[in-house]
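Asks: Residues in the sequence shown are numbered consecutively from 4, following the numbering used here.
What the hints contain is simulated information worked out from the structure, not anything from laboratory work. It cannot be assumed that every hint is accurate.
[To be verified] Simulated crosslink set (DSS-like; lysine-lysine; CA at most 25 Å straight-line):
id, residue 1, residue 2
1, Lys271, Lys254
2, Lys271, Lys333
3, Lys254, Lys285
[What the hints assert, rightly or not] Computed Cβ-Cβ distance ranges for the label pairs, DEER-style:
id, residue 1, residue 2, range
4, Asp287, Val150, 47 to 57 Å
5, Val227, Ile25, 47 to 57 Å
6, Tyr225, Ile60, 28 to 38 Å
7, Ser261, Pro340, 31 to 41 Å
8, Asp273, Phe248, 35 to 45 Å
9, Val150, His90, 14 to 24 Å
10, Leu33, Ser200, 42 to 52 Å
Every residue, glycine too, gets a C-beta built ideally from N, C-alpha and C.
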Amino acid sequence: MPEILSALTSQPWLQTIVAFVIAVIAAVVLTALTAFIVRRISRRKEWASRLIRRVRIPFRVFLMAIALWIAVQVSVFDPWWQEFLSHTALVATIAAGSWLVCALAIFLEDVGLARYRTDVPDNRHARRLRTQVLIIRRITVVAAVLVGLGAILLTFPGVSAAGASVLASAGLISIVAGLAAQSTLANVFAGVQLAFSDAIRVDDVVIVETEWGRIEEITLTYVVVHLWDDRRMVLPSTYFTTTPFQNWTRKNSELMGSVEFDLDWRVKPDDMREELHRIMPKTDLWDGRVAILQVTDALQGYVRIRILVTAVDAPTLFDLRCYVREQLVKWVQQVSPLTVPRSRVEISETPLESDAPRKRAVPSATPPDALFSGDASAELRGSQFTGPLEVQRPATPTAPIPTVRPEADTDKA
4 MPEILSALTS
14 QPWLQTIVAF
24 VIAVIAAVVL
34 TALTAFIVRR
44 ISRRKEWASR
54 LIRRVRIPFR
64 VFLMAIALWI
74 AVQVSVFDPW
84 WQEFLSHTAL
94 VATIAAGSWL
104 VCALAIFLED
114 VGLARYRTDV
124 PDNRHARRLR
134 TQVLIIRRIT
144 VVAAVLVGLG
154 AILLTFPGVS
164 AAGASVLASA
174 GLISIVAGLA
184 AQSTLANVFA
194 GVQLAFSDAI
204 RVDDVVIVET
214 EWGRIEEITL
224 TYVVVHLWDD
234 RRMVLPSTYF
244 TTTPFQNWTR
254 KNSELMGSVE
264 FDLDWRVKPD
274 DMREELHRIM
284 PKTDLWDGRV
294 AILQVTDALQ
304 GYVRIRILVT
314 AVDAPTLFDL
324 RCYVREQLVK
334 WVQQVSPLTV
344 PRSRVEISET
354 PLESDAPRKR
364 AVPSATPPDA
374 LFSGDASAEL
384 RGSQFTGPLE
394 VQRPATPTAP
404 IPTVRPEADT
414 DKA
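With the hints as extra help, turn the sequences into a complete structure.
Replies: This is how it looks when you write it as structure tokens:
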């Protein structure tokens, strides 16, 4: 034993190696002991197993960095190497500590989310809490990383000396940064506002830009909407604070929808209403709240029938409307064919009084200076314009027509 101690004192590098090995062994033993205790607790508590999964690796790295830092301080006596290794171990300890803080924050948030399930019908409160926790998680991780980076930079003498000049010009820098990052900061503040104002939550059904979809992800700067046809619409957070949109599940998920028919005037609303009440209990899509039939209009040869039905959520309501439409179309075709809409054209063969030809009224007294009326000469002039036209026909090679001369006949008489 004295020989070993003398060898260690005579060779400093061997003393450093032994200190490092002892530090690593101590860190491993402490980590194993902590894991053993937590595993014993995890047999009865679910949160303990979740803690092991989240914190195991960063906790080991953090303990290893602290142990090596202590070993350097104890075993290294060279001033330059001691300063270099100590500074390196300090930076590693700060980085591992930031990682451990992020892991602990995520673990606590997971424990809180595990108490509220989103796969149940009435999950509005759970979705609200999940949205807020996800935003807090991102803020916590960003804050921990920034604090860790700041602490690491302050360990360098040059950076700490330059801190005074940076703080002195902080006013001008903040103004320039604010103007340059105005839109980014606006989105960040809008994301925080969305998280705590309860305007939208994860899995909410919304109508944005005339598109139907669900809120899939909410970040500090943008929101992802999963559309009905599996497309993703990415919108800035400021969109939901400055633009009107529809949220179909803000208070509850129950909705009411309508089905409309334009039918013939011979439709019987009572029979159609009985058919509606007969088919509704046969489907699980209907929630049993509302199922009514109304005649909302009767114009231009058609009678408009509107049916109102309700369902537990938007996808179920769409399927229910399709079901009602299909069943009533089948009923019209098979049971009430006279209800099919028709276009009518009325043809009248009896002339009306208004269609009779009007007789031209002849004035009783005609002024003497009229052009085509008044005396016999005026009538003759009028016949030249309004009478039939004389058609000139070519002469045919027939026998000549004898010409009668009245003068000769008079002489003979």
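Asks: With reference to the structure, classify each hint as holding or not holding.
Replies: To see whether the hints hold, each was checked on the structure:
1. Lys271 with Lys254: 38 Å, violated
2. Lys271 with Lys333: Holds. Lys271 to Lys333 sits at ~15 Å (cutoff 25 Å).
3. Lys254 with Lys285: With a Cα-Cα distance of about 29 Å, the restraint between Lys254 and Lys285 is violated, given a limit of 25 Å.
4. Asp287 with Val150: 47 to 57 Å: At roughly 54 Å between Cβ atoms, Val150 and Asp287 fall inside 47 to 57 Å, so the hint holds.
5. Val227 with Ile25: 47 to 57 Å: The hinted range 47 to 57 Å holds for Val227 and Ile25, with Cβ atoms some 51 Å apart.
6. Tyr225 with Ile60: 28 to 38 Å: Since Tyr225 and Ile60 have Cβ atoms about 30 Å apart, the given range 28 to 38 Å holds.
7. Ser261 with Pro340: 31 to 41 Å: 25 Å, violated
8. Asp273 with Phe248: 35 to 45 Å: 41 Å, holds
9. Val150 with His90: 14 to 24 Å: Holds - the Cβ-Cβ distance for Val150 and His90, about 19 Å, lies within 14 to 24 Å.
10. Leu33 with Ser200: 42 to 52 Å: Holds - the Cβ-Cβ distance for Leu33 and Ser200, about 45 Å, lies within 42 to 52 Å.
Violated hints, in rising order: 1, 3, 7; the structure is consistent with all others.
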